[in-house]
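These protein sequence lines are chains S and E, in that order. If you use this note's numbering, the first sequence corresponds to residues 1 to 114, in order. If you use this note's numbering, the second sequence corresponds to residues 1 to 114, in order.
Simulated from the structure, these hints should not be mistaken for lab results. It should be emphasised that the depicted structure is a prediction, and the values quoted were computed from it without experimental measurement. Here a beta-carbon is modelled for each residue, glycine too, at the ideal position from N, C-alpha and C. Be aware that one or more of the hints could be misleading.
[Stated by the list, open to error] Simulated pairs of lysine-lysine, DSSO-like, Cα-Cα distance not exceeding 27 Å:
{"id": "1", "chain 1": "E", "residue 1": "Lys101", "chain 2": "S", "residue 2": "Lys57"}
{"id": "2", "chain 1": "E", "residue 1": "Lys68", "chain 2": "E", "residue 2": "Lys49"}
{"id": "3", "chain 1": "S", "residue 1": "Lys57", "chain 2": "E", "residue 2": "Lys49"}
{"id": "4", "chain 1": "E", "residue 1": "Lys69", "chain 2": "E", "residue 2": "Lys49"}
{"id": "5", "chain 1": "E", "residue 1": "Lys101", "chain 2": "E", "residue 2": "Lys58"}
{"id": "6", "chain 1": "E", "residue 1": "Lys58", "chain 2": "E", "residue 2": "Lys69"}
[Claimed, not checked] Covered by chain E, per the in silico footprint, the following chain S stretches (three or more residues, Cβ under 8 Å):
{"id": "7", "segment": "16-30"}
{"id": "8", "segment": "45-53"}
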Amino acid sequence: IAGITQAPTSQILAAGRRMTLRCTQDMRHNAMYWYRQDLGLGLRLIHYSNTAGTTGKGEVPDGYSVSRANTDDFPLTLASAVPSQTSVYFCASSEGTGGNQPQHFGDGTRLSIL
Amino acid sequence: AQSVTQLGSHVSVSEGALVLLRCNYSSSVPPYLFWYVQYPNQGLQLLLKYTTGATLVKGINGFEAEFKKSETSFHLTKPSAHMSDAAEYFCAVTRYSSASKIIFGSGTRLSIRP
Numbered sequence: 001i002a003g004i005t006q007a008p009t010s011q012i013l014a015a016g017r018r019m020t021l022r023c024t025q026d027m028r029h030n031a032m033y034w035y036r037q038d039l040g041l042g043l044r045l046i047h048y049s050n051t052a053g054t055t056g057k058g059e060v061p062d063g064y065s066v067s068r069a070n071t072d073d074f075p076l077t078l079a080s081a082v083p084s085q086t087s088v089y090f091c092a093s094s095e096g097t098g099g100n101q102p103q104h105f106g107d108g109t110r111l112s113i114l
Numbered sequence: 001a002q003s004v005t006q007l008g009s010h011v012s013v014s015e016g017a018l019v020l021l022r023c024n025y026s027s028s029v030p031p032y033l034f035w036y037v038q039y040p041n042q043g044l045q046l047l048l049k050y051t052t053g054a055t056l057v058k059g060i061n062g063f064e065a066e067f068k069k070s071e072t073s074f075h076l077t078k079p080s081a082h083m084s085d086a087a088e089y090f091c092a093v094t095r096y097s098s099a100s101k102i103i104f105g106s107g108t109r110l111s112i113r114p
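Isolated chain S, as found in the complex (with noise of 0.2 Å):
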């Protein structure tokens, strides 16, 4: 089934060590996004990448980074976890870039800083 995939599915990480979140799709979707969510606080931009070779800083940028070096993946780092960034994480994907393309996400990644 085409989509998206996220791993891992979860996972406990002690603080300031480094951790990669992995996301692919098979849609062959122009852009990405990674947000978080955190209870009553809806989903916020990480960052996004319009395309491959590119990527921008959403709402809550700090302590993460990304890159694209190709269309189907696009990993998140935490280069030193940090409590805060207790949260659970969707990568998500639109066909197009405009305002009119939904987007389609994975079902996440759980992940508890200690």
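Once you've looked at the hints, dock chain E against the given chain S.
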């Protein structure tokens, strides 16, 4: 600047009753509006969207929403609730220029009473 307000973090209705989830937005330019649904331990799925044209939009699972510019609202309705409708619902707004500028509401959890 754009913003989205979902009135009521939790709505409970009886099975067979009308579902009404409220969403108000603010946008300095004509918006694109979306409703997404999230089931437990899953990512968001698109229910429906308004971009241009007809202001009454029909989506999946019997849901519909009406764009009312004068009221800056995009409320989600369903005539008869099903147990399977229990989920979290998110309203979102963006502008024509960029899908990365999407703003999500904080969500409304819908519970269905037998």
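* List in ascending order the numbers of the hints, as given earlier, that are violated by the structure. => Violated hint: only 7; rest satisfied.
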